[in-house]
Structure formats: structure tokens, C-alpha cells
Amino acid sequence: MADVISDYQKWKQQGENLRAQAKHAMEARFRELLSEAVSIAEEYRADFGAPLKPPPAVTAFKFKSSSKGKPKKAKPAAAPPKAPAPKAAEAKPEKVDPKLAGLQKQLATAKKKLDDAKAANAPTRKLEDRIYEIEDELRLAGQAV
1 MADVISDYQK WKQQGENLRA QAKHAMEARF RELLSEAVSI AEEYRADFGA
51 PLKPPPAVTA FKFKSSSKGK PKKAKPAAAP PKAPAPKAAE AKPEKVDPKL
101 AGLQKQLATA KKKLDDAKAA NAPTRKLEDR IYEIEDELRL AGQAV
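Take the sequence shown: its position 44, counted from the start at 1, is 44 in my numbering, and no numbers get skipped.
Misleading hints may appear alongside valid ones.
[Stated by the list, open to error] Taking lysine-lysine pairs in the DSS-like style, the calculated list, with each CA pair at most 27 Å apart, reads:
id, residue 1, residue 2
1, 99, 111
2, 12, 23
3, 53, 113
4, 53, 126
5, 113, 126
6, 126, 105
7, 126, 111
8, 99, 126
9, 118, 105
10, 126, 112
11, 99, 113
12, 53, 12
13, 53, 105
14, 99, 112
15, 10, 23
FYI, nobody ran anything at the bench for these hints, they're computed from the structure. Being a predicted model, the structure only gives us computed values, none of them experimental.
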């Protein structure tokens, strides 16, 4: 009877070791494939100017592209602008950095979503984190200007 128990314990230990090895191998393979997918997505975006979308079955994958700027598409030449009216020239506001304006718009939208979530008693942690990230980006952009 002792032989059966010791054989079972050895078998169980070998199974646990094999399970741990398989786990590490699968994690390594996953990281390898994910890195390859990221490089393909970046190359696609650089070559074709649009992000490569994952298949509909993939819903949890979030990819933030590298800090490289998007290639700008050439715009066709527009007709020369007409001379502005004198009143329009006087009332011309300061140029606002488009990046700052976009971040401010994102911040306003995120705050509205947070208020709606609070009113509906929904989880707000992700929204609060997003607001913090946007505010941080605004602070950084403000220092760079």
C-alpha cells in the first residue's frame, strides 16, 4: 500500500512540474506573438496611415501605439483665401494648441462620463484613472509649450 501512495505522490509532483513548465512556455509564446503583432500593427500604421484593427473576437486587447507621430497625409492645394473683413481681423483670438484643445475636450467628456457613472452608482475607478491621465498629459503639454 505504501508503494501505491509513494508512486501517486511522485506522479503528482511530476505533474505539477510539467504544469509549471507548460505555464512558463505558454506565457513566453504569448509574449512573443504579442510582440510580433505589435510590430506588425506599427508597420501597418506607418505604411498605410491607419491603425490595424484586431478581429471582432478580440475584445480585451488594448494597444497604445508608440510615441512616434502619425504620418500626415498630403492635402490637396486649396483655393487662396479671400481677404478677411476688418472686423474679423480685430476679433481674432489667440491660437490655441490643437493638442491642448483636444486634451481639454477629452477631459470634459471624461468628467461628464464620471458624473453620469456616479449618478448611476456604476464603478468609477477607470474613469477617475482616465481623468488623472488626461490631467497629467495637460500638465506635461503645458510645460512643453
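Structure-based check of all given hints:
1. A distance of roughly 18 Å separates the Cα atoms of residue 99 and residue 111; the hinted pair therefore holds under the 27 Å criterion.
2. At most 27 Å may separate the alpha-carbon atoms for a hinted pair to count; residue 12 and residue 23 meet this at roughly 16 Å.
3. Restraint check: the Cα-Cα separation between residue 53 and residue 113 comes to about 25 Å, which is no more than 27 Å; the hinted pair holds.
4. Straight-line distance between C-alpha atoms of residue 53 and residue 126 comes to about 23 Å, which keeps the hinted pair within the 27 Å bound.
5. With a CA separation close to 11 Å, the supplied pair residue 113 and residue 126 stays within the 27 Å bound.
6. Of the supplied pair hints, the one linking residue 126 and residue 105 holds, its CA atoms being roughly 18 Å apart against a limit of 27 Å.
7. Between residue 126 and residue 111, the direct Cα distance comes to roughly 12 Å. Compliance with the 27 Å bound is thereby established for this hinted pair.
8. Taken as a hint, the residue 99 and residue 126 pair is honoured in the structure, with Cα atoms around 23 Å apart against an allowance of 27 Å.
9. Between residue 118 and residue 105 the alpha-carbon distance is near 20 Å, which keeps this suggested pair within the 27 Å criterion.
10. Restraint check for residue 126 and residue 112: satisfied, since their Cα atoms lie roughly 14 Å apart, inside the 27 Å limit.
11. With a CA separation close to 21 Å, the supplied pair residue 99 and residue 113 stays within the 27 Å bound.
12. Between residue 53 and residue 12 the CA atoms are separated by roughly 43 Å; this puts the pair beyond 27 Å, and the hint is violated.
13. At most 27 Å may separate the alpha-carbon atoms for a hinted pair to count; residue 53 and residue 105 meet this at roughly 25 Å.
14. For the proposed pair residue 99 and residue 112, the alpha carbon gap of about 20 Å is at most 27 Å, so the pair holds.
15. A C-alpha spacing of about 20 Å is found between residue 10 and residue 23, which places the hinted pair at or below 27 Å, so the restraint holds.
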